[in-house]
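**Q** Sequence:
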Amino acid sequence: MERMSESGLPIEPVYDEGQLTNFRPEAKLGQPGAYPYTRGVYPTMYTKRPWTMRQYAGFASATESNRRFQQLIEAGTTGLSVAFDLPTQMGYDSDAAIAHGEVGKVGVAIDSIDDMRRLFDGIPLGEVSTSMTINAPAAMLLVLYQMAGEEQGTSPAALTGTIQNDVLKEYIARGTYIYPPRPSLRLVADSFAYCRKEMPRWNTISISGYHMAEAGATPVQEIAFTLANAREYVRAAIAAGLAVDEFAPRLSFFFVARTTLLEEVAKFRAARRLWARIMRDEFAAADPRSQMLRFHTQTAGVQLTAQQPDVNVVRVTVQALAAVLGGTQSLHTNSFDEAIALPSQNAARLAVRTQQVLANETDLTATVDPFAGSYAIESMTDDIEEAAMELMTAIEDMGGAVAAIERGFQKAEIERAAYDVARDIDSGERVVVGVNKFVSDGTEPYTRLSVDPSIETEQAARLDRLRSRRDAAEFTRRLSDLKATAEGTGNLLYPLREALRAEATLGEVCDALRDVWGIYRPPDAY
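For the sequence shown, our numbering assigns the number 201 to the initial residue and increments by one for each residue that follows.
Note that these hints are calculated values from the structure, not bench results. Please note: incorrect hints may appear among the correct ones.
[What the hints assert, rightly or not] Computed list of lysine to aspartate or glutamate pairs in EDC-like fashion (alpha-carbon distance at most 16 angstroms, straight line):
no., residue 1, residue 2
1, Lys-397, Glu-327
2, Lys-683, Asp-711
3, Lys-637, Asp-626
The model shown is predicted, which means the values in this text are computed figures rather than measured ones.
With the hints as extra help, turn the sequences into a complete structure.
**A** This is how it looks when you write it as C-alpha cells:
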C-alpha cells in the first residue's frame, strides 16, 4: 500500500538519484548561510553555539509567572517565552465582564505597567531574550515591555526578543483578533517602523504557521499560508513608506515540529528556499538578512495525549529532533503533561532537559545540515516546495492573503485537512499510541496544577488602585491623542506609549481603538 505524507504527498519506499532529476537551477543546495539558505541561515549553525532554548510559560498572576520564569532560568533556559491569558489576548482588562472566569487561565494576566513590572521583577531585561505570544494587542505589550526595561535602566536599543504580532493567522485559525484586518495590518506596519527607530534589535513579528498547524493544517498548508501572510506584511510595510531592507531583517517565523520527522525536516528546508526567492525576486531585497527565514519552533501540542502521558516524552523528543535537524533558531519543547493540565514544575524541567541532552550528549551540533544530499530529504523538500508554491499561487490569484481570508479560503482548507486526520484516527488508519492502539486499561492518577480563582479578584483590586491614583486629566488627554492618530495616518505606537505611561490600562487602550475601527466579525458569524 502506498504511504502518504501528512501533506498527502507520496512517500517512496526507496529513494535514489532518479527522484532528484527535477532539481531546478535556482533551487540547488548551495552552502549553509548562503542563498537560497536550504541548508541553514548561518554558515556554522550549531557548531559554534546551539539553538536558543526557550520555554513557553505564563499563568495566573504576574507574580506566579515570575516564579516559574525564575525556575526555568535556574534550569538552564536561555530565553523566555510569555503566554498571556485570553482576556489579555483579546484586549480586555481582568475586571471586564467578558473576562470573568478566564483571568489567568491559559496564561498570565497583564492589565497595566504594574503587571509587567511584577512579571519581570528580578529578571534583567538587558540580559535575557523574551518572546511574547501576543497578536491583536501586540503593540501595547511591546511598549509595556519597553517601559519595564527602561525602569530597570535598560535602553530600548539593548532589548532583544520577539513579539508574535501576526494577526492575519488569527482570522484563519485562532480567533483572537479584535479589529478588522486592514487597520490591524496598519498597527503591524507601525510596529515595524517604531522598532526600526526605537528598538532596533527587536524582532517585530513572528509570522506563525504553528497555530494553523495545531488547527489541522498540513505541512504544505502551514508553510504556504504562513508565507502568503508574510507577503502581505511586507507589502503593508512597503506601502507605509518603509524600504524592504529597513525592516525585513527583523522578520521571524514560528513553525510546529510534528512526529513525522523526515517530512518536517524537508518542510523547514523548503520554507527557507521559498522565502529567499520571494524576498530576492519579488521584493528586490538586497540585504542577505532580508532573505533569511529565521524561525522558532515549538513541538506539537496537538499531538500530546492525555492517555499514557509519559509517552509524550518520546513524542516531544522526536519532534525536537525534527526541529534541530531542520535548522531552527530557537526551540520550545512541550511538557509531557500539557494534555492534562498546566505543566508541573517537574515536567517543565524535563522539557528543558530534553533540549539539553540533544545539544550536549548527541553529535547533532558537530556538523551543519547532516541530512544534506539525502535522496529522501532532498526529494521530499522539492515536493513540498512545489505543492506550497501551487497553494500560494492560488492565494495570489484571489488577490492575496487578506482577500483570501475574507473569502474564508484558508480556514476552509485547514478544516478539511483536520477532518481527514480525525477520520483516519477514528478508523484506526492513523495510529496514535495509547489512544487507538497499544491501549492500557484504567487511568493513571495525576495531580493537576490549577489557577486560584482569587487571582481575578486580586487583579480587579489592582486595577481599582491604579485608576484611583493616576492623573485623570492626563489619562483622558492621552487617550484622545491616540484616537485622533487612529483616525489619521500617524504612527500609533507613540500616542499609545504615552497613554500607557499615563497609566491607561490595556483594555482602555484597546477600547479607544475599538471606538475608531470597530471590531471584526467573520462572514460566517452573521
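**Q** Taking the hints in turn, state whether each one holds.
**A** Status of the hints after comparison with the structure:
Using a Cα cut-off of 16 angstroms, the hinted pair Lys-397 and Glu-327 is violated, with the two alpha carbons roughly 21 angstroms apart. Distance hint between Lys-683 and Asp-711 is fulfilled; the C-alpha atoms sit about 10 angstroms from each other, no more than 16 angstroms. For the hint pairing Lys-637 with Asp-626, the CA-to-CA distance comes to about 11 angstroms; that is within 16 angstroms, so the pair holds.
The structure fails to meet hint 1 from the earlier list, while all remaining hints are met.
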